[in-house]
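Add 69 to the 1-based position in the sequence shown for my numbering, that's all there is to it.
It should be emphasised that the hints constitute simulated quantities derived from the structure, not laboratory data.
No false leads were slipped in.
Pairs of lysine-lysine, PhoX-like flavour, derived with a Cα cap of 20 angstroms: (1) K669 to K681; (2) K304 to K149; (3) K291 to K179; (4) K98 to K135; (5) K714 to K729; (6) K721 to K153; (7) K378 to K657; (8) K536 to K571; (9) K223 to K379; (10) K171 to K149; (11) K721 to K657; (12) K321 to K153.
Just the calculated beta-carbon pair ranges, DEER-fashion: (13) P108 to R214: 49 to 59 angstroms; (14) Q94 to G280: 33 to 43 angstroms; (15) R680 to P503: 39 to 49 angstroms; (16) L696 to G280: 49 to 59 angstroms.
Glycine residues also receive a C-beta, built at the ideal position from the N, C-alpha and C atoms.
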Amino acid sequence: MVVDIIPATRLTKNLSYFSYLAPSQLEGKIKIGQLVEIPFRGKVIQGIVIKVQSSKLKAQNNYKLKEIIKIVSEEPILSKEQLKIVGWMASYYYVSPAVIVKMIIPRIPKRRIKSIPPALKEKSAYIFKEVEMPVLDQIRDVVTRFISLSKKGKSIFLLHFKDAQARFVTYSKIIAYITNVVGRDKQVIILVPQINDVFPLFSFLEENFKGQIAILHGNLSKTTYYNEWQKVQRKEAKIIIGPRSAIFAPVKDLGLIIIDKEENENFKQRDQSPRYHARKIAIKLRELTGAKIILSGLAPSVESYYWAKKGEYEYLPLLNSSSALLHPSLVNMRDEIKKGNYSPISQKLQEEIATLTDDRPQGEKIIKQKKKIVLFLNRRGTSTITLCADCNWLFRCPYCDIPLVLHEFFQGLDRKKTVGKLMCHHCKWSQDIPLTCPRCHGHKIKFFGTGTQKIEETLKKQFPKAKIKKVDKDSDIKIKDFSKFDICIGTTLLLQNIDSIKNEIALIGIISADTLFYLADFYSTEKTFGLLSEISDIALETAASKFIIQTHTPQNYVIQAILKASYPFFYHREIEERKNFNYPPFAKLIKLIYRHRREKKCLYEVRNLHRKLKTKKFKGIEISDPLPAHTRKIRGRYQWYIIIKGQETRDKRQEEMLMKLVPNDWIIDVDPISLL
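Construct the entire structure; sequences and hints are all you get.
Written as structure tokens, this is what we have:
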């Protein structure tokens with residue numbers, strides 16, 4: 070018996086499956102979708118069975134086939150739908166199916182567990198509040214409309230919410246409808262942006278669906294993960310919650326996929342192949358299974374809102390809120406400079422912080438109530454630029470060629486002595502601060518820019534009585550310790566762990582709303598709007614009475630949209646920009662990336678491929694000139710890229726002809742979310 074198997078290993082895109090012989094003792098036991106152990110290139114690895122052929126084929130081969138070693142899983146570990154997804158992804162993203170199989174199959178432990186793993190008993194710090202009647206009325210309308218449109222054959226819905234709690238209630242009611250009315254065996258996949266988002270949702274749904282929820286994410290142990298995987302396979306779990314990888318859960322009868330905060334960039338895998346987007350996989354699963362999809366967003370992605378406006382998706386607005394509207398105060402930092410204030414903290418923000426932290430009566434009252442201040446800046450370190458004032462030499466990472474960031478560390482038992490280091494945020498390489506310039510040997514080493522560490526130092530000088538802590542990748546603070554501090558300064562890491570102190574926050578401040586604008590990337594404005602919307606939502610959910618935004622560009626339409634609390638205002642400006650420059654959703658993009666340790670080799674390969682691509686003169690397809698990446702060098706390798714821009718309606722035949730020209734050592738990023 071000849072068996073076709075996809076090995077679970079990283080292969081180039083031109084390799085897919087390999088044929089093996091089933092030994093006599095395994096004949097009749099091999100099933101499609103099973104996990105088996107096979108010899109491959111001198112190693113023993115696992116693979117997935119995709120085809121079982123007649124033993125008559127054995128005689129037709131002129132070469133000797135290797136034998137399968139053993140069956141790892143008696144029952145198929147991947148369903149027919151999952152195998153179809155593997156094939157589709159290999160074709161769409163131009164990767165070997167072996168890479169996809171390696172990514173999605175669980176690691177099977179030698180021992181199985183009987184008790185519920187402790188990791189799944191973790192309680193969320195999220196505090197649930199009562200949803201008010203106007204919001205409940207709107208939830209009822211949304212659920213009714215979902216049911217009505219579903220019966221008419223509609224299958225993709227865009228849920229635009231403003232109240233975070235309301236969306237959880239909406240999910241619960243729609244899941245109850247799918248699993249109790251549509252079909253009792255129906256299963257539901259809920260995708261969240263990151264692992265921290267799993268537990269609030271799990272805690273909320275556990276009340277109504279106790280014992281019916283499985284959690285799948287990469288931080289689970291091998292044994293725990295496989296136990297959860299099996300619960301899904303055996304239909305013991307009706308609901309599966311996890312980050313983007315949970316889209317590959319082995320559901321038997323998929324009824325609904327919910328993508329929570331669908332605008333979040335974490336649903337796109339960017340660091341390794343296949344560079345897939347979970348939303349794209351969900352839409353393909355809908356085609357294969359007939360499941361419904363809910364794309365849920367606080368600030369929906371421009372593409373999803375565009376398709377809703379065109380009628381391809383059904384729009385479900387859930388825009389009432391249980392929280393009172395909090396209007397942000399805008400501070401123009403250019404006016405601060407005119408007044409002689411060169412501090413990164415405006416006079417207004419300083420005054421508000423002083424009110425909450427000094428010894429005045431109102432300050433004492435607030436401190437007794439344990440109210441807190443949260444300040445946000447999406448940059449780590451003390452200074453973001455280090456250069457020589459004599460010759461303008463910029464200190465860069467020798468491996469990534471990006472500017473090094475100054476960090477200061479405390480030493481000694483009293484932790485008062487500081488030692489500075491220049492660090493690379495990409496590869497973690499660091500060096501001591503040099504006494505002289507390596508080029509001109511001058512002594513005028515200057516530091517520019519502001520990071521979370523500099524804000525922390527500035528505040529400690531201005532407000533010595535306050536307990537201040539920064540929260541970023543460099544800090545060692547634990548979530549349970551947040552409550553010990555009066556002021557927390559942080560990056561997005563702070564936003565991800567803010568639930569434990571939400572009810573204690575009195576002031577939220579954004580130190581610089583401009584930190585993402587400087588990137589000349591089509592996605593940067595959407596990303597910035599989403600981030601600012603998330604902070605605005607936190608301000609609404611908390612007890613904060615003040616919300617201050619500092620910016621050097623107050624007229625920017627993203628800032629104006631946040632001030633107006635108007636998604637349509639942002640969308641209309643943004644969609645016009647994308648139309649003018651022919652960016653998604655008006656075009657399809659493919660980013661071809663080449664990396665090499667020698668820059669000359671890198672340039673040669675990029676120019677060589679560019680010349681070949683240009684010979685294919687296809688109508689409606691643009692091929693950019695070779696471009697250096699924004700991060701020109703990463704981990705010692707230079708990187709350049711080429712952008713292929715096609716029409717909104719993809720011509721797969723033409724695209725495949727172009728992709729055949731791309732060598733196997735290139736990275737192919739289909740539907741990239743960054744062109745830098």
